[in-house]
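Chain A is fixed; fit chain B onto it per the hints.
What follows is each chain in one-letter form.
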Amino acid sequence: MGPWGFVFLAYGIVWAVVLVYLLFLKHRLSQVATELERQRTSEDAASRPRG
Amino acid sequence: MAQIEQKGLGRRILGGLALLFVLLGLYVALVQAPPDAYQGEVQRIMYLHIPSILVAYLSFFIVFVGSCLFLWKREKRDDTLAYAAAETGVLFTGLTIVEGSIWGRPTWGVWWTWDARLTLTAILFLIFVSYLMLRSLIEDEERGALCGAVLGIIGFLDIPLIHMSVYWWRTLHQPPSILRPDKAPWENIHPSMLLALAINLVAFALLYFYLLSLRFRLGEMREELKRIKLYGGP
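Here the protein sequences line up with chains A and B, keeping their order. Residues 1 to 51 (my numbering) make up the first sequence, in order. Residues 1001 to 1234 (my numbering) make up the second sequence, in order.
Treat the hints as calculated values from the structure; they're not laboratory data. We put the beta carbon where it would ideally sit given N, CA and C, even for glycine. Among the clues, some could well be false.
Covered stretches of chain B, going by a simulated chain A footprint (3 or more residues, C-beta under 8 Å) [stated by the list, open to error]:
no., region
1, 1030-1042
2, 1086-1099
3, 1102-1110
4, 1214-1225
Computed spacing ranges between beta-carbons, pair by pair [unchecked claim]:
no., chain 1, residue 1, chain 2, residue 2, range
5, A, 12, B, 1039, 16 to 26 Å
6, B, 1161, A, 34, 42 to 52 Å
7, B, 1035, A, 40, 52 to 62 Å
Bound-form chain A, shown alone:
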């Protein structure tokens, strides 16, 4: 591998890993946000007076 090969390998791995981590983080955030919204909705429905 030539010198540029090592440079692109390093840059490629770093930015690919950061991108995957960012997407993984966003996915976890959206999962928890959905669950939180669902819980809040069910709490609201339970606390509303019936009749």
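Coordinates of chain B only, in the frame set by chain A:
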């Protein structure tokens, strides 16, 4: 509600700035900066390697501060911050080891050697991987936070050892060549290289704080979810 929206907007601005500086950093590191007189083009890995280890150190310093505060005040928020910083710190330490390995192959002739600085950095990585495993394995939240805080403080103590290792032992890894006590940084490196390094440091710092803010938000939301499930309200 307005405060949450403001925080969300601040996070988006931080993310945008990080992206801008990352692109600028890539341009100056790969196009504008000249090749090194001795190492040639592979020296460009330095613009990744130094910023990533510095943000990893910063991250473990945040773990250290958050852990100390948690042990002192027992506020969940400090533990959430320490946990978030440990995860992002592991990411950047892992990347530092990979970049160093790729840089080591053409310059030292090996992908890995049991040099003092490399070994201590690998130990730092393993300590904080253990921290993350510990946090996910202990079911009792309070106990997990306490054990994590103790491990976070002990783990941080490895950083001064990593820094001093190049002075205390005969190592393959060179001592600091830019931040030296006897010379100003601009006397040790060409200004265009110093500028490229500075831009990449800013880019990594912005990216780090963006990722940390997202991870911290995730921790806060999980706490809120637990509260609702336990007590049925915020």
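Each hint tested on the structure:
| no. | hint | result |
| --- | --- | --- |
| 1 | 1030-1042 | holds (count 4) |
| 2 | 1086-1099 | holds (count 5) |
| 3 | 1102-1110 | holds (count 4) |
| 4 | 1214-1225 | holds (count 8) |
| 5 | 12/A with 1039/B: 16 to 26 Å | 19 Å, holds |
| 6 | 1161/B with 34/A: 42 to 52 Å | 44 Å, holds |
| 7 | 1035/B with 40/A: 52 to 62 Å | 57 Å, holds |
Every hint, counting from the list given before, is met by this structure.
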